[in-house]
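Those protein sequences? They're chains Y and E, same order as listed. Sequence positions in the first sequence follow my numbering and run 317 to 673. Sequence positions in the second sequence follow my numbering and run 9 to 67.
Just so you know, not all the hints are guaranteed correct.
Claimed, not checked - Taking lysine-lysine and the DSBU-like style, the derived pairs with C-alpha atoms no more than 35 Å apart in a straight line are:
#1 E:Lys35 to Y:Lys372
#2 Y:Lys318 to Y:Lys638
#3 Y:Lys372 to Y:Lys553
#4 Y:Lys638 to Y:Lys553
#5 Y:Lys318 to Y:Lys553
#6 Y:Lys347 to Y:Lys638
#7 Y:Lys672 to Y:Lys347
#8 E:Lys35 to Y:Lys318
#9 Y:Lys475 to E:Lys35
Claimed, not checked - Label pairs and their calculated CB-CB ranges:
#10 Y:Ser385 to E:Ala54: 41 to 51 Å
#11 Y:Glu578 to E:Glu53: 50 to 60 Å
#12 Y:Ser505 to E:Ala30: 20 to 30 Å
Think of the hints as simulated: they come from the structure by calculation, not from any bench. Idealized CB from N, CA, C, for every residue including glycine.
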Amino acid sequence: MKGVLLAGGTGSRLRPITHTGPKQLLPVANKPVLEYAIEDLRDAGITEIGVVLGNKGREAIQDHLGDGSHLGVDITYIVQGNPLGLAHAAACAREFVGDDDFVMYLGDNILKQGIEELVESFEAGDFGAGIALQEVENPREFGIADTNADGEVTALVEKPDDPPSNLALIGIYAFSNAVFDVIEELEPSWRGELEITDAIQELLESGHAIDSHVVEGWWKDTGRPEDILHANRLVLKDIESEHAGTIEAGAEVVGRVELAPEATIESGAVVRGPVSIAEGSTIGSETYVGPYTSIGPDCVVDGAHIENTVLVGESTVTSDGKIVDSLVGRNTTIGSAADELPDGRRLIVGENSNLKL
Amino acid sequence: MRVITHTCPACGTVVAANELEANRVMKCPGLECEAVLRFDDLDPEAREHFVEHREQYQI
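Just chain Y, same shape as in the assembly (with noise of 0.2 Å):
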C-alpha cells in the first residue's frame, strides 16, 4: 500500500501567516502539521509517499522533507498545480501508485489516534473504498456518511439539510486501484473541482463495498489560526517532560515541558507547562510562559507573558503586555512603546492581519 499525501491550497485562511510559507509546514508543538500526517502512515507501514504540491509552497515543503529519508520514508513529488479537486489530485498519483492501493491523508489534517485501525480495517476486506469519519456535532457543515451495521457506507452526502448520520468525512480515505478509473468517468463539479466524494459515491454505485472507520480521540483541520492553536494544545496535552537545554538555578518550571537541546530558561523566569520550547531559544529572566504554549527556534522572550501561544520561530518577544492565544509569523518583533514617545502602540502589520490591542 502506498500513500498519498496532499499539501496543496492556498492556505487563504491563515494569512498573513501563510503570505510566506505553506499551512502544512506550520508548527503544532513545535512539529510541522505535514510530519504528523507522515508520521501516522509510516506508522500504519505505509513509507512509499508521493506528496502532491499545488501552486503555493513547493519548493518549502521540498526543502523540508527532501527525500524522506530522516523521516523513515521515501517521497516521491507529485505536482498538481492547479486546485482542480481531491479525486483531480488523487489521480495525478496514479503512475506513482501503480497496482496498488493507497491511502489518501489531507496534510493539513492532525489525528490523535493515527491511521492503523483504518488501514487495517480496509485491508481485511474487499473493499473500493475506506472513509475516516468521525462524529460531529454541526453534520449539516460537512459531508455526512450514512452506513450499515456492518460499518459499510450505503450512501454519501454533502452538507445535508437532513443528515442521516452525525458522521462526517474527515480527509482521510483509503483506496483501491478500482478509484482511478471511476475519476477517469467523472466530470468537474459546479464548482470547477473533480470531488472525491463523488469518486466515492460511484464506486459505491458501481457495487464496490465502502468501508468506513470511526476514528475516536480528536481530529484536528488546523485550517485556521484558531485550529492552529486548538491543535497545539490538543498536542501539549500529551507531550512528556524532556529537559535538554539548560534551566537556569532559579528559575521556575513547573508541568510538562519539552526544553530542546540549545535551549535555555534564565533565572527568574517562570514556565509552565504543557510547554515546547525548541532549539536556540531563550526564556529570559522576568518572564512568564504559561501553559499550552510552543515556542519555535531561535526566539527570545523577555520579560513577557505569554500563555496559550504559538511562536513559529526566530522572533523576538519583549513587551511586557500579556500576550495570549496568539499565533506569531516568523521573524517578529513585539517591543514594548512605554518609553516613546507620543505615547502609543507602533504596528507593522502585513496584509490580512489580524490584531487586538
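Start from chain Y and add chain E according to the hints.
Here is chain E on its own, set in the frame of chain Y:
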C-alpha cells in the same frame, strides 16, 4: 475526466499536464533537478486530448 501526467526522467517528479501546458517549457519543479520539461514531452494523443478539453483543466 482524464488526468494526464508526465514523470521527469531525471528525478521522478510527476507533473500534471495542466502545469506543463501553462508553462510549455519549464524547469522541472523537483528541487535541485536541472531537467527541462516540455508540454511536447507528452505523447501526441494526450496533448491533443488536453488541448481539446483545456477548459476542464483550468480553475
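Structure-inconsistent hints, enumerated in ascending order: Numbers 2, 9 and 10 - these are the hints that the structure violates, sorted from lowest upward.
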